[in-house]
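Residue numbers (the numbering used here), protein chains in the order written: chain A, 324 to 592; chain B, 324 to 592; chain C, 324 to 592.
The hints are simulated quantities; they were obtained by calculation from the structure and are not laboratory data. Just so you know, these numbers come straight off a predicted model, no measurement behind them. A virtual CB, placed ideally from N, CA and C, is assigned to each residue, including glycine. One should not assume that every hint holds.
[What the hints assert, rightly or not] Straight-line C-alpha distance at most 20 Å; calculated SDA-like pairs for lysine to any residue:
#1 K466/C with A386/A
#2 K466/B with P325/C
#3 K466/A with T351/C
#4 K466/B with R326/C
#5 K466/C with D355/B
[Claimed, not checked] Computed far set for chain C versus chain A, every beta-carbon distance over 10 Å:
#6 Q408
#7 D411
#8 R429
#9 E469
#10 A471
#11 R482
#12 V487
#13 G489
#14 A522
#15 G532
#16 V545
#17 G580
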Amino acid sequence: MPRPTIALLTDFGQRDHYAGAMKGVILTICPDAVLVDITHEIPAHDILTGALELAACYRYFPAGTVFLAVVDPGVGSARRAIAAQCGDYRFVAPDNGVLTAVFADRQPGRLVSITERRYARPTVSRTFEGRDRFAPAAAWLAKGVEVAALGAPLRECVRIDIPVPGLDGDRVTGRVLRVDRFGNLVTNIPRAMVERLLAAGPIEIDVHGHRVPSLVETYAAVPGGALCAVFGSTDTLEIAINGGHAAERLGVGRGAGVEVARSATAVVP
Amino acid sequence: MPRPTIALLTDFGQRDHYAGAMKGVILTICPDAVLVDITHEIPAHDILTGALELAACYRYFPAGTVFLAVVDPGVGSARRAIAAQCGDYRFVAPDNGVLTAVFADRQPGRLVSITERRYARPTVSRTFEGRDRFAPAAAWLAKGVEVAALGAPLRECVRIDIPVPGLDGDRVTGRVLRVDRFGNLVTNIPRAMVERLLAAGPIEIDVHGHRVPSLVETYAAVPGGALCAVFGSTDTLEIAINGGHAAERLGVGRGAGVEVARSATAVVP
Amino acid sequence: MPRPTIALLTDFGQRDHYAGAMKGVILTICPDAVLVDITHEIPAHDILTGALELAACYRYFPAGTVFLAVVDPGVGSARRAIAAQCGDYRFVAPDNGVLTAVFADRQPGRLVSITERRYARPTVSRTFEGRDRFAPAAAWLAKGVEVAALGAPLRECVRIDIPVPGLDGDRVTGRVLRVDRFGNLVTNIPRAMVERLLAAGPIEIDVHGHRVPSLVETYAAVPGGALCAVFGSTDTLEIAINGGHAAERLGVGRGAGVEVARSATAVVP
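Chain A with its partners taken away, still in its complex shape (with noise of 0.2 Å):
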């Protein structure tokens, strides 16, 4: 039988030990989890954030891994914890969102709120849960406690707000919804909504007032140092520069307008 994959991804930073203990807690209930570390920097309280790398990721894991996310502004506070079984994986989290972009992907099977005690650690801290709680539940379910054991059933769960392109005529309006370390800007706009577009005909593309010269199928496909739109590895549009960082040179970020529209003048492709 496969050792048990937890895979972790918070907002905890790794300057302090926060990551670490809850590591320790999950390997005294689990000696055999192999632990994976998404990230920890997910900015403090940024549940958006915590809920779109979750979701670009968590499917290139093993059957039968745990996910434990913990971007938590309310801890200690009344929202609740919930436990999810979603096809062959597991998700444990505060209840205030951060899977919802999982769950847009696929429907929990199982959603329940942790309650058990038994599954906690005998004091919980009321400003570290992630150690005293979700690790712990975490843990259980990577030992092979059932989702349903941890509390329970609920019919909903907190859901954010994930802001989705819109599609006006030849025209489709999106947004940057994260800059990578390489200053790639990810947009919201899958592919099959520009593909629509280009099978009518050329389109152009702006991000924020600036146009994107060219849309190609790899950074390389352009000088070093031009501008030009890529198909991403969550199959989305992205905004790059090759060899460059496309949010600084732009002066671009999150949230940044992003436009997609069939062209009088052949611009892109």
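For this one, chain A is given, so just place chains B and C on it according to the hints.
Leaving out everything else, chains B and C in the frame of chain A:
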């Protein structure tokens, strides 16, 4: 038999290959080891921060864990390398005080100077003993070697001063010991000292001249942006801003004074 | 049989899910893999730094380790993906020179272009081959597939220029190859070259116009704050400040010139 856990805490950062080299050395000696990073982002040469972070989390790890703590401004000098057994835990570190806070919490049952050459790499770099002495020693412990086998017994080791709070009548005077990634100001004032004052009536809390208007159970008990005090996850007084960064907002950092005193005007709670 | 180690070195950073996605892919193929992060903080697109960091640590890993080195400005372009066997180690990387320093140290016994589609994910993103091509190839190697099975043999691969020191009479001229997290200036001048000069008499050491007053065994051999030269953990000359940050204090960075020469006035040692 469970795989042995080795938990690493260093000031090596994560840009360079240094932590990776230590892990390679460990896995070469003890292929079964489960490696957990507590943090590699202790500020360079900051023994006090290393000592505090280690003490804040070691108790959450499985019995049998070996802690490898390398914050080592004296690398290559005559300062000793030490290993200690504290209950079910073992520690390997330079003898410079980085284990002070752990030892204050749990007196070592056994303490040795690591002198046995066979538990080091054949060649020991004078600038990277983490790789050539400390990592091998930790790996051999994880593999089953006894602490006593690593070298000559010691009666004492280097301890550093860790600021302790003072009590003067109805006034507790402490310090900010660390600022975490959320900007929370973690102090050295234990819950019990504050509760003893509270038992006698209302108190007031000041940090570096700023009055803290409330002592609550958790951050979310005050409005977003409001300053508050809580008892943090290590059960000491912590000054925070709900959803904000207290250190930046108050311009307060490590070492700042914190006062808790009985109040004529009932401010807290 | 020991679990196979896969050591990762990338420029993906740790904010995004990219390294996590690669790990998920690896564990899906090879659940027994032990994953070790060397670093994900290679500066974006900096092949030279990636090459140097990898060469500095690979030899400390267990026999059988698979190294997955993804610094890949040409992702999605026609540049090849390669796999190599070097003694007991295996390497998977884009063919862009990131293995140059390893190969200078240890000629590959076998070198192939990774062309076998069955060892990639069914769909390969043109912007994230780390996830879809490199990670699967590394995982299959760890699972027991031979390097030769991954694709067609190659005679040569791309090599980058790595600055080498020059010797002109009694003068060695080298460069700062990297600045580490402590601010130490790691040069390309090997210990042997300096010792050959020293055998003939006193020497002097200069970095970017600053005279380095002493060559010592380790940082702590000089007073706190003093500039010194040592032979670092990769046995090359390193310029440091005891307890300080040489790069910042001297205003010197990567590429700066370093000279070691015989001295009329006995400065060092």
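Going down the list of hints, with the structure as the test:
1. For the hint pairing K466/C with A386/A, the CA-to-CA distance comes to about 18 Å; that is within 20 Å, so the pair holds.
2. Of the pairs offered as hints, the one joining K466/B and P325/C holds, with about 14 Å between alpha carbons and a cut-off of 20 Å not exceeded.
3. Of the supplied pair hints, the one linking K466/A and T351/C holds, its CA atoms being roughly 19 Å apart against a limit of 20 Å.
4. This hinted pair checks out: K466/B and R326/C have alpha carbons roughly 15 Å apart, not beyond 20 Å.
5. A threshold of 20 Å between alpha carbons decides the hint, and for K466/C with D355/B the separation of about 17 Å falls inside it, so the pair holds.
6. The non-interface label for Q408/C is consistent with chain A: the shortest C-beta to C-beta separation is roughly 27 Å, beyond 10 Å.
7. Its beta-carbon lying about 24 Å from the closest one in chain A, D411/C satisfies the requirement of being farther than 10 Å from that chain.
8. No beta-carbon of chain A comes within 10 Å of the beta-carbon of R429/C; the shortest separation is about 29 Å.
9. No Cβ of chain A approaches the Cβ of E469/C within 10 Å, the least distance being about 23 Å, so the stated non-interface status holds.
10. For A471/C, the requirement that its beta carbon stay farther than 10 Å from each beta carbon of chain A is met, with the minimum near 27 Å.
11. The Cβ of R482/C lies farther than 10 Å from every Cβ of chain A, with a closest approach of about 19 Å, so its non-interface assignment holds.
12. Listed as a non-interface residue, V487/C keeps its Cβ farther than 10 Å from every Cβ of chain A; the least gap is roughly 26 Å.
13. The claim that G489/C is not at the interface with chain A holds, since no C-beta of that chain comes within 10 Å of its own (minimum 30 Å).
14. Every CB of chain A is more than 10 Å from the CB of A522/C (nearest about 46 Å), matching its label as outside the interface.
15. The claim that G532/C lies off the interface holds: its Cβ sits roughly 32 Å from the closest Cβ of chain A, which is beyond the 10 Å cut-off.
16. Distance check on V545/C: its Cβ is at least 29 Å (rounded) from any Cβ of chain A, clearing the 10 Å threshold; non-interface status holds.
17. Under the 10 Å C-beta cut-off, the non-interface status given to G580/C relative to chain A holds; the minimum distance is some 27 Å.
When each numbered hint is compared with the structure, no violation occurs for any of them.
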